[in-house]
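Use these hints to put chain B onto chain A, whose structure you have.
Protein chains: 2
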Amino acid sequence: MREPVDRTPLWMMRQAGRYLPEYRETRAEAGSFMGLCTNPELACEVTLQPLRRYAMDAAILFSDILTIPDAMGLGLYFSEGEGPRFERPLENAADIEALVPESAVTELGYVMDAVALIRQELKGSVPLIGFSGSPWTLATYMIEGGSSKDFAKTKALAFNEPALMHQLLEKLADAVALYLSAQVESGAQALQIFDTWGGALSHSAYREFSLRYMTRIIEQLPREAEGRKIPVIVFTKGGGQWLEAIADCGADAVGLDWTTDIGEARARVGGRVALQGNMDPSMLFASPERIREEVATILESFGSGSGHVFNLGHGITPGVNPEHVSAMVDAVTSMSGEYHQSD
Amino acid sequence: MREPVDRTPLWMMRQAGRYLPEYRETRAEAGSFMGLCTNPELACEVTLQPLRRYAMDAAILFSDILTIPDAMGLGLYFSEGEGPRFERPLENAADIEALVPESAVTELGYVMDAVALIRQELKGSVPLIGFSGSPWTLATYMIEGGSSKDFAKTKALAFNEPALMHQLLEKLADAVALYLSAQVESGAQALQIFDTWGGALSHSAYREFSLRYMTRIIEQLPREAEGRKIPVIVFTKGGGQWLEAIADCGADAVGLDWTTDIGEARARVGGRVALQGNMDPSMLFASPERIREEVATILESFGSGSGHVFNLGHGITPGVNPEHVSAMVDAVTSMSGEYHQSD
Numbered sequence: 649m650r651e652p653v654d655r656t657p658l659w660m661m662r663q664a665g666r667y668l669p670e671y672r673e674t675r676a677e678a679g680s681f682m683g684l685c686t687n688p689e690l691a692c693e694v695t696l697q698p699l700r701r702y703a704m705d706a707a708i709l710f711s712d713i714l715t716i717p718d719a720m721g722l723g724l725y726f727s728e729g730e731g732p733r734f735e736r737p738l739e740n741a742a743d744i745e746a747l748v749p750e751s752a753v754t755e756l757g758y759v760m761d762a763v764a765l766i767r768q769e770l771k772g773s774v775p776l777i778g779f780s781g782s783p784w785t786l787a788t789y790m791i792e793g794g795s796s797k798d799f800a801k802t803k804a805l806a807f808n809e810p811a812l813m814h815q816l817l818e819k820l821a822d823a824v825a826l827y828l829s830a831q832v833e834s835g836a837q838a839l840q841i842f843d844t845w846g847g848a849l850s851h852s853a854y855r856e857f858s859l860r861y862m863t864r865i866i867e868q869l870p871r872e873a874e875g876r877k878i879p880v881i882v883f884t885k886g887g888g889q890w891l892e893a894i895a896d897c898g899a900d901a902v903g904l905d906w907t908t909d910i911g912e913a914r915a916r917v918g919g920r921v922a923l924q925g926n927m928d929p930s931m932l933f934a935s936p937e938r939i940r941e942e943v944a945t946i947l948e949s950f951g952s953g954s955g956h957v958f959n960l961g962h963g964i965t966p967g968v969n970p971e972h973v974s975a976m977v978d979a980v981t982s983m984s985g986e987y988h989q990s991d
Numbered sequence: 649m650r651e652p653v654d655r656t657p658l659w660m661m662r663q664a665g666r667y668l669p670e671y672r673e674t675r676a677e678a679g680s681f682m683g684l685c686t687n688p689e690l691a692c693e694v695t696l697q698p699l700r701r702y703a704m705d706a707a708i709l710f711s712d713i714l715t716i717p718d719a720m721g722l723g724l725y726f727s728e729g730e731g732p733r734f735e736r737p738l739e740n741a742a743d744i745e746a747l748v749p750e751s752a753v754t755e756l757g758y759v760m761d762a763v764a765l766i767r768q769e770l771k772g773s774v775p776l777i778g779f780s781g782s783p784w785t786l787a788t789y790m791i792e793g794g795s796s797k798d799f800a801k802t803k804a805l806a807f808n809e810p811a812l813m814h815q816l817l818e819k820l821a822d823a824v825a826l827y828l829s830a831q832v833e834s835g836a837q838a839l840q841i842f843d844t845w846g847g848a849l850s851h852s853a854y855r856e857f858s859l860r861y862m863t864r865i866i867e868q869l870p871r872e873a874e875g876r877k878i879p880v881i882v883f884t885k886g887g888g889q890w891l892e893a894i895a896d897c898g899a900d901a902v903g904l905d906w907t908t909d910i911g912e913a914r915a916r917v918g919g920r921v922a923l924q925g926n927m928d929p930s931m932l933f934a935s936p937e938r939i940r941e942e943v944a945t946i947l948e949s950f951g952s953g954s955g956h957v958f959n960l961g962h963g964i965t966p967g968v969n970p971e972h973v974s975a976m977v978d979a980v981t982s983m984s985g986e987y988h989q990s991d
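Chains as they are written, first to last, in my numbering: chain A, 649 to 991; chain B, 649 to 991.
Looking at chain A on its own, in the form it has when it is part of the complex:
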């Protein structure tokens, strides 16, 4: 990921997604979102769809961040307009005690089958990125029973019974480490940890309840497979203020949302980690000309040399015109060469 390149590599969070008509077709065929996730052939199909349209430099496994809690027995389902929900959210210490980290591999064969199939179908064209939610992010859904505005229950547990919360987060960190290691064994060539809700914590609670467990995961991951390094990317949405701390967690790259100036971020972390990001996904609602300008601004802000992976600052929004993604991809591929002449 930090190797010399002749242009800035790019991929897009949620690149296999609802903005693509072919995705919506396959999703309809699968009958449900989880039907799509649990069917390796269909998961492989949607993973490959964006690569047929765009010059992306990586594929990312199509799956859900909540597969692990589902494997642990919480009963994931999707309700119209409310997003993901659990039938049996965690309610007490016994529920946490009962969680088995190994479920993340024993129950998730369908994910590993998808990884293996996608890797095979990619035929070496681009690397495959595996992923998982962060322990803190998984914990919020497992305790709240779904999405939340203020994470009141999760934070009340963290603040009032920190030992119990740490027990839960340790189990989740171990489960995520097993899960990501199995993805590497099945063929994943890079890994991303999505810490969607770490940014809802205070500066100190973030370190205690989120970053610490991502560090614990990374310590347990294989650093190499098939003779090549397995880069690990950590992405905390809303984590821009904590960049120096995040850059010390052992990850090879840190994802940035669009609130951070990527040039300033580079100055803050020096060459310690690569930076991934960071165009506002809503910029894809702008005109192709405006998108091109924004890409130019981000490339210029990062500046010359390797260590930048172009991406959005969060997942692409449903409703984006696929032509606008082309504008972004074309801008990155045509304009980034000048920043790599000395590589």
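In case anyone wonders, no lab produced these hints; they're calculated from the structure. Note that the structure is a prediction, hence the values are computed from the model and not measured. A hint or two may mislead.
Here are the simulated BS3-like pairs of lysine-lysine, each with C-alpha atoms no more than 30 Å apart in a straight line [stated by the list, open to error]: (1) B:819 to B:877; (2) B:877 to B:801; (3) B:797 to B:885; (4) A:877 to A:819; (5) B:771 to A:885; (6) A:877 to A:797; (7) B:885 to A:797; (8) B:771 to B:877; (9) A:819 to A:885; (10) B:797 to A:801; (11) A:885 to A:797; (12) A:885 to B:877; (13) B:801 to B:819; (14) A:797 to A:771; (15) A:885 to A:801; (16) A:801 to B:877; (17) B:771 to A:797; (18) B:819 to B:771; (19) B:819 to B:797; (20) A:819 to A:797; (21) A:797 to B:877; (22) A:877 to B:771.
Just chain B now, with coordinates in the frame of chain A:
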């Protein structure tokens, strides 16, 4: 606000609110939320309620941030579970052209009546803070027609038709300046601008579309009334990364949410502005002992001397036990004295 004090002053965003049973009673009497806002006697009553329970050092006008767009004719209403909505959101250039900034004073006599009545009823006990939403925050509701997850329409307008967006924001800034000036004339002794959604912008778009217009407002505000300074507080939720720029907008104090370490913030802005904040509102779901610990941590992080106004990092959440607010208030009043011995 930067004058020597013998302990750290405090108030709480949304201190007149649903967590108080007496508020829920008055709200029921009013029949609706807007019924409460538009009735000066009832708005005064709920403004005073938290002061009867807690040793708060300021009252804050009870009102809604969307009074200005309502006054401009957009038709504010509240729908169950969806929050505030507008009957006639802005749809085109003609809608923006038709907006009259002066509506913020000609149509909002009920706000000024509430300010005057509250000021009278306070009998000089504590100062009264007036407030408004920021131009960017108002614009998001006026364009989206209500709350939004990604502000797609608002951002598309900002990115594709910046001149039109600037026209809207100029009008809103002028309206807010008129509105806040009228609040001062009616008796408000300090002012806060709530920039609830500025943090959804990129670092550069924040400066262009939000901060610039808060600066424009502050330039138009009276700096003194009744022979005393009128301090202005600016609060951008999610603005921690941009603190240096915010501290230059002309405000006397900057509100911080809980993602920023207040000690680091103080080091970054020096003595240029006072800092307000910044306990995570969800900490009020923790035990009184834990709340006390957190207050101690925040006071210690800020350190000795004046320039800190204790507050939450966002509005108090409905569902908080009022006794837990007592724990916070008692902790601030009992523990902050030691940081003011040299004042």
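Cross-check of the supplied hints:
Proposed proximity of residue 819 (chain B) and residue 877 (chain B) is supported: the alpha carbons are some 26 Å apart, at most 30 Å. Distance hint between residue 877 (chain B) and residue 801 (chain B) is unfulfilled; the C-alpha atoms sit about 39 Å from each other, more than 30 Å. Our distance criterion of 30 Å between C-alpha atoms is met by residue 797 (chain B) and residue 885 (chain B), whose separation comes to about 15 Å. In summary, the hint linking residue 877 (chain A) to residue 819 (chain A) is supported, as the alpha carbons are separated by about 26 Å, within the 30 Å threshold.
As the CA atoms of residue 771 (chain B) and residue 885 (chain A) are separated by approximately 46 Å, the hinted pair breaks the 30 Å bound. Between the alpha carbons of residue 877 (chain A) and residue 797 (chain A) the distance comes to roughly 38 Å, so the proposed pair goes past 30 Å and is violated. At most 30 Å may separate the alpha-carbon atoms for a hinted pair to count; residue 885 (chain B) and residue 797 (chain A) meet this at roughly 14 Å. Our distance criterion of 30 Å between C-alpha atoms is met by residue 771 (chain B) and residue 877 (chain B), whose separation comes to about 19 Å.
Straight-line distance between C-alpha atoms of residue 819 (chain A) and residue 885 (chain A) comes to about 23 Å, which keeps the hinted pair within the 30 Å bound. Between residue 797 (chain B) and residue 801 (chain A) the alpha-carbon distance is near 22 Å, which keeps this suggested pair within the 30 Å criterion. Between residue 885 (chain A) and residue 797 (chain A) the CA atoms are separated by roughly 15 Å; this keeps the pair inside 30 Å, and the hint holds. Of the pairs offered as hints, the one joining residue 885 (chain A) and residue 877 (chain B) is violated, with about 39 Å between alpha carbons and a cut-off of 30 Å exceeded.
Under the criterion of a C-alpha separation no larger than 30 Å, the hint pairing residue 801 (chain B) with residue 819 (chain B) is consistent with the structure, at around 19 Å. A hinted pair counts as satisfied when its Cα atoms are at most 30 Å apart, and residue 797 (chain A) with residue 771 (chain A) does not qualify at roughly 42 Å. For the given pair, residue 885 (chain A) sits about 21 Å from residue 801 (chain A) by alpha-carbon distance, which is consistent with the 30 Å threshold. With a C-alpha separation of about 42 Å, the suggested pairing of residue 801 (chain A) with residue 877 (chain B) is violated against the 30 Å cut-off.
For the proposed pair residue 771 (chain B) and residue 797 (chain A), the alpha carbon gap of about 38 Å is over 30 Å, so the pair is violated. Our distance criterion of 30 Å between C-alpha atoms is broken by residue 819 (chain B) and residue 771 (chain B), whose separation comes to about 35 Å. A C-alpha spacing of about 25 Å is found between residue 819 (chain B) and residue 797 (chain B), which places the hinted pair at or below 30 Å, so the restraint holds. With a C-alpha separation of about 25 Å, the suggested pair residue 819 (chain A) and residue 797 (chain A) falls inside the 30 Å cut-off, and the hint holds.
Distance check on the hinted pair: residue 797 (chain A) and residue 877 (chain B) sit about 37 Å apart at the alpha-carbon level, beyond 30 Å; violated. The hinted pair formed by residue 877 (chain A) and residue 771 (chain B) fails the criterion: a straight-line CA distance of about 70 Å is larger than 30 Å.
Comparing the model with each numbered hint stated earlier shows that hints 2, 5, 6, 12, 14, 16, 17, 18, 21, 22 do not hold.
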